[in-house]
Amino acid sequence: DVKVTQSSRYLVKRTGEKVFLECVQDMDHENMFWYRQDPGLGLRLIYFSYDVKMKEKGDIPEGYSVSREKKERFSLILESASTNQTSMYLCASSLLAGALYYEQYFGPGTRLTVT
Amino acid sequence: AQSVTQLDSHVSVSEGTPVLLRCNYSSSYSPSLFWYVQHPNKGLQLLLKYTSAATLVKGINGFEAEFKKSETSFHLTKPSAHMSDAAEYFCVVSDRTAHAGGTSYGKLTFGQGTILTVHP
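Residue numbers (the numbering used here), protein chains in the order written: chain X, 1 to 115; chain D, 1 to 120.
These are computed hints drawn from the structure, not numbers from a lab.
Keep in mind that the hints are not guaranteed to be accurate.
Claimed, not checked - In silico DSSO-like cross-links for lysine-lysine, where the CA-CA straight-line distance does not exceed 27 Å:
{"#": "1", "chain 1": "X", "residue 1": "K3", "chain 2": "X", "residue 2": "K57"}
{"#": "2", "chain 1": "D", "residue 1": "K49", "chain 2": "X", "residue 2": "K57"}
{"#": "3", "chain 1": "D", "residue 1": "K69", "chain 2": "D", "residue 2": "K49"}
{"#": "4", "chain 1": "X", "residue 1": "K55", "chain 2": "D", "residue 2": "K107"}
{"#": "5", "chain 1": "X", "residue 1": "K71", "chain 2": "D", "residue 2": "K107"}
{"#": "6", "chain 1": "D", "residue 1": "K69", "chain 2": "D", "residue 2": "K107"}
{"#": "7", "chain 1": "D", "residue 1": "K49", "chain 2": "X", "residue 2": "K3"}
{"#": "8", "chain 1": "X", "residue 1": "K70", "chain 2": "X", "residue 2": "K53"}
{"#": "9", "chain 1": "D", "residue 1": "K107", "chain 2": "X", "residue 2": "K57"}
{"#": "10", "chain 1": "D", "residue 1": "K42", "chain 2": "X", "residue 2": "K57"}
{"#": "11", "chain 1": "X", "residue 1": "K3", "chain 2": "D", "residue 2": "K107"}
{"#": "12", "chain 1": "D", "residue 1": "K58", "chain 2": "D", "residue 2": "K68"}
{"#": "13", "chain 1": "X", "residue 1": "K53", "chain 2": "D", "residue 2": "K107"}
{"#": "14", "chain 1": "D", "residue 1": "K42", "chain 2": "X", "residue 2": "K71"}
Make a model of the complete structure from these sequences and hints.
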């Protein structure tokens with residue numbers, strides 16, 4: 001059974017703190033993604049990675065960075081957390097090109113509150 | 001550029017009655033289309049996917065969707081709602097997108113979501 005896990009379900013941080021969100025997948029997928037989910041806006045792509053140490057910006061990368069040192073692990077970093085980064089963060093993974101349908105598998109999400 | 005519009009932000013039905021969640025899309029290419037479901041405090045789960053084979057797609061839990069190219073629609077239906085169907089549903093379109101690495105990946109664009117409420 002495919003599995004994407006995220007390190008925390010709920011997280012509360014203070015403004016200005018550095019925040020790390022971790023994601024691990026056990027499906028040997030090449031692609032990994034970070035989204036944020038806000039009511040009425042659906043999911044928006046922050047960053048994605050198509051290989052170890054490779055990354056590309058998504059639609060809303062400002063204020064975020066990522067790290068992928070191993071194939072199975074993809075971290076999202078908030079360098080200096082701000083209140084407008086309070087949101088649900090979802091990690092996903094998928095097979096690389098050559099997989100016809102690009103179905104993504106999602107983790108359970110981390111609800112981050114910045115106070 | 002691709003986009004997705006879910007025409008209803010909330011849908012309310014009675015248990016045992018049909019469900020219709022509406023979705024329109026725009027895409028430059030032949031897209032793949034998906035419906036995902038998210039139950040409270042859970043991650044997203046794939047309900048079904050359209051990938052240019054049969055236009056009527058059957059998914060899990062009795063859901064199905066019909067791809068209509070002329071109407072650019074991909075509406076989700078179920079003949080009889082169950083209480084456990086109460087959740088948020090996302091219509092998603094995927095185009096191939098090339099990136100600097102030279103390979104392509106499926107960029108997903110999500111609709112805004114439709115919250116389905118099922119009354120006893």
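Which numbered hints turn out to be false for this structure? No numbers; nothing is violated.
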